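> Generate coordinates for the entire structure from the input sequences, incorporating the hints supplied.
If you read the sequences in order, they're chains H and V.
Sequential numbering from 1 applies to the first sequence in the numbering used here.
Sequential numbering from 1001 applies to the second sequence in the numbering used here.
Hints are computed from structural coordinates only; laboratory data are not their basis.
A couple of the hints might just be wrong.
[Claimed, not checked] Using 25 Å as the maximum straight-line C-alpha spacing, the simulated DMTMM-like pairs for lysine to aspartate or glutamate come out as follows:
(1) V/K1045 <-> H/E389
(2) V/K1036 <-> H/E177
(3) V/K1036 <-> H/D170
(4) H/K382 <-> V/E1105
(5) V/K1104 <-> H/E389
(6) H/K129 <-> V/E1128
(7) V/K1071 <-> H/E22
(8) V/K1122 <-> H/E136
(9) V/K1122 <-> H/E139
(10) H/K178 <-> H/E132
(11) V/K1045 <-> H/E132
(12) V/K1104 <-> H/E384
(13) V/K1104 <-> H/E45
(14) V/K1122 <-> H/D164
(15) H/K171 <-> V/E1124
(16) H/K51 <-> V/E1105
(17) H/K321 <-> H/D83
(18) H/K382 <-> V/E1098
(19) V/K1036 <-> H/E136
(20) V/K1122 <-> H/D167
(21) V/K1071 <-> H/E16
(22) V/K1107 <-> H/E16
(23) H/K382 <-> V/E1108
Since this is a predicted model, take the numbers as computed values, not measurements.
Take a look at the letters that make up each chain.
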Amino acid sequence: MTKNRIPLGPFHPLLEEAEYFELQIEGETVVDLDMEIGWMHRGHEYISEQKNFTQSIYLVERICGICSTSHPIACVRAIEDIDNLEIPIRAKYIRSLVGELERIHSHLLWLGLAGHFIGYDTVWMWAWKYRETVLEMMEIISGNRNHYGMMRVGGVGKDVKPKDIPDLLDKLDMIDEKMEMIAKVANDDPVLKARLKGVGVLSHEQAINYCATGPTSRASGVPGDVRRDDPHDAYGMLDFDVITAENGDVYDKLVVRVLEILESSKIIRQCLDKLSEVEGPILNNVEEISPGEGIGRYEAPRGEVFHYIRSDGSNRPVRHKVRAPSYVNIPTYEASCKGISVSDALITLASVDPCYCCTERSLKIRSDSEEKPDLLELSKQKTERIRREYNGN
Amino acid sequence: MSWYNKRLAKSLWVFHVSASPCNNCDIEILDLLTPKYDIERFGIKLVGSIRHADVMLVSGIVNQKIEPRIKRLYSQAPKPIFVVAIGSCMSSQGVFRESYNRCKEVKEVVPVDMWIPGCPPKPEAMIEGVAKLIGVLNE
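Structure representation (structure tokens):
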């Protein structure tokens, strides 16, 4: 049978970010897949090295608008790791609280988009309607709907006021009720089962071999979770379960995410309880960062996010390296997409909740006329710029 | 063309171009379609192809790889098309001003009709922008 090629993107109606996929198909079966990234590359690591530590926290918030707490938490943990700084107990609970709220909003966002991808717009509208409540809670806590600006080196920037806690708990009750409804729907709905069961399977061995993280690996039965394996902030003092499933298909990824929302809400409840009891400061005064290197990990909604920072004793990082979870989850397409039909390809591509804004840490520009990559030119420009800076003009 | 604009203002069809943003403006744009803000009450609909669109929403900084694509999208659009630049990255490059991959300001790539600043702009701000655009078209 002849092979055909289906291009998807970079501006495809269903992709909200610019990315490019090329599906090789035989009949209706996907036999191979290629992808091209780099449309979203903004050079965060380079910009971060120009900023001081406080500014770079605001910068990493803007790596991705959806994980805009995961990156700052990993970043401040990396900076605190250089000097082994401890943060106040109240700040620990607030960090975990904000992180879990973000997990709920990110999973609901994925749930809605997944519904949209399989042509089930009711799921999209409902999931995003309840997501608004989470954003309102964020607005009460931090003042912002999206980029929260809560994290500081040595603590958090804003306190949770005791008078807001009853309101937050009310909203959380509403989310719990609706999430139980959605969990029931996922269990009963014939359309979701027919479309998602047995589609895009990533087996247990494949998940380990590809080093998948987050819900992608947990749906395949690999129980990895940074919150439990490397307890930090308040996670060591809280009671929660790591949700896993066995089949590794798209349906299991959906179930894992829905159940994780309920777990997160359990964590938020415990944090709010503690916050109404625990008194004290929320921010330690950190005057300078000594020379050294530090790493920070955090379980983002999509998996483990990793930051590495090297300091030379000045007020800005000398090297800042970011590894986002989608970086390891995206290659699993090779295992999960081969052999499925074209109509299931898109939901399989979306099932790992890929975030290209997070992932695109480097790029290679090829021009059509010549083979020479433009990357070399970029590198030369950078050297030239640094030289000019040192010469002082 | 005022008679044409008046007819256009009844139902603007929108196409969204993400020119290397941080995703947040895009999520807020999608948020406008969902029940809380429900921008369809103004007749606004998100379409899948630039060939059907009356308004092109652009967000993010324009990087080297995406710049020719934006030009191409603009040339494919049926005219008149209104370009709305969303977010601080569009109006001032925001935190990405020092990026080595930023190539041009968006106004040098395509003619921009409206700016909505904010990081990200609140949905209310975007609705206000859209209402102003409809008001101008109705004049």
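> What are the numbers of the hints that this structure violates, sorted from low to high?
Hint 1 contradicted; others consistent.
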